[in-house]
Each structure stands twice: as C-alpha cells, then as structure tokens.
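Chemist: The residues making up each chain are set out below.
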Amino acid sequence: EAQVTQNPRYLITVTGKKLTVTCSQNMNHEYMSWYRQDPGLGLRQIYYSMNVEVTDKGDVPEGYKVSRKEKRNFPLILESPSPNQTSLYFCASNTGGGRSPLHFGNGTRLTVT
Amino acid sequence: EDQVTQSPEALRLQEGESSSLNCSYTVSGLRGLFWYRQDPGKGPEFLFTLYSAGEEKEKERLKATLTKKESFLHITAPKPEDSATYLCAVQAAGGSYIPTFGRGTSLIVHP
Numbered sequence: 001e002a003q004v005t006q007n008p009r010y011l012i013t014v015t016g017k018k019l020t021v022t023c024s025q026n027m028n029h030e031y032m033s034w035y036r037q038d039p040g041l042g043l044r045q046i047y048y049s050m051n052v053e054v055t056d057k058g059d060v061p062e063g064y065k066v067s068r069k070e071k072r073n074f075p076l077i078l079e080s081p082s083p084n085q086t087s088l089y090f091c092a093s094n095t096g097g098g099r100s101p102l103h104f105g106n107g108t109r110l111t112v113t
Numbered sequence: 114e115d116q117v118t119q120s121p122e123a124l125r126l127q128e129g130e131s132s133s134l135n136c137s138y139t140v141s142g143l144r145g146l147f148w149y150r151q152d153p154g155k156g157p158e159f160l161f162t163l164y165s166a167g168e169e170k171e172k173e174r175l176k177a178t179l180t181k182k183e184s185f186l187h188i189t190a191p192k193p194e195d196s197a198t199y200l201c202a203v204q205a206a207g208g209s210y211i212p213t214f215g216r217g218t219s220l221i222v223h224p
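Protein chains in written order, with our numbering: chain A, 1 to 113; chain B, 114 to 224.
None of these hints come from the bench; they were simulated from the model. Hints are supplied without guarantee of correctness; some may be wrong.
Computed cross-link-like contacts, DSS-like style, restricted to lysine-lysine with a CA-CA straight-line distance of at most 25 angstroms [as the list claims (entries may be wrong)]:
#, chain 1, residue 1, chain 2, residue 2
1, A, K71, A, K57
2, A, K18, A, K71
3, A, K65, B, K155
4, A, K71, B, K155
5, A, K17, A, K65
My request is simple: use the sequences and hints to build the entire structure.
Modeler: Spelled out as structure tokens, the structure:
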C-alpha cells in the first residue's frame, strides 16, 4: 500500500531534550516536506526537499533541522525543543513538478513541557 | 505573494442541506489547485486537482469547480460522514514547488 509513515504518533518531551520524528515513504517520491498545524494558523511548511541531499527552508524553519540521505526517508530533528514547538506535525510527499497532490502521513502530536 | 483564503471558517449543515465552500486565491500563474479533506487528528487526504478555469471534478456528493480567482467545493445532500475540515491549496507556476494552503473550512453535518 502506498503510504507515508511517521513515527511516533504521540510524543511528550521536556524542554531541551533532542528528538527526532521519522518519516518514510514507499512511493519513490522525489519531493518530501514537513508541516506543522496549529489551531487558527493552518498548515505551515517547515522544510522541504526536492531530492536526496537537497533541502530548503519553508515558512517556519527556526528550531528545526532535516536531512535527506535516502530518497525514502526525511527525518525532522528538534535539537533543543521548546514549548512553542508543541504542535501537530505532518510529513508529506509527492512526485514533484507542482502538479501532483501531496500524500500526507497520519501526523505526530508533539507536546513539549 | 501567493494567498489562499477559504470561507466560511466553519459551516454547520443539516443532513441533506446542500451548500458550497469557497477558496479564493491570488497567485502568479496557477499550476494547480488542490482540495483535501482532513479528519480530526489525521493527515489531509487528497480529493481533487483542478488545473484551469472552467474545469470541474466530481466524486460522490462533492463537486469542485475553478475560475480564474476562486474555486468552489459543492456538497450535495451531505451526510454526517462528510463532516471534516476541507483544505484548499494552490501551486504557483515557476521554480518553487511549495504549495500555499488556506486555513480550511470546518464542516459539521448534523443528522
């Protein structure tokens, strides 16, 4: 089954404790991205990647890192999480080119205390 | 700057009461307009892509239409299972493949 898989689904952590949210897709998609979704603000893009070893900032990149060492994986790294990074996070992928829809993962709900 | 505005923010309907959701957009050349459905706590699920003014797509009780300035998602005789947040996104022509999302319309259909 074609899918985008994120882990974990839920994560509670404390301020400053480094964490990684994994994302994997099995559709051989070139384009992958990370979004955060907050009430009243909608989906905001954090980082995106056009292909292996090619990443770029989205609208809200501060406090986040990403890497794209393999085509299928695009982990999101929070080196020193803060409470304002409490949010619902989504990974998404598509074939690129701007005319294909995004396939989203089921989300990671992160709480930073 | 590309902009997408969805209205209304929230909509309550009785089962069987047809209505429309609006997505107004400003973009420097449209590559594609996308509609997604999002259930609470889940990732958005793709519904339709529209590429040019005048285009229409249908799926069950949903019909999406597109003009040069806006798109409508028409819901005919909705059922409670149509309750969800509906998101609109536009992809501009040009080098960047970053879609711009609207904030969504939360639809509740009462039985």
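Chemist: Need the list of violated hint numbers for this structure, in ascending order.
Modeler: Violated hints: none at all, because every hint is consistent with the structure.
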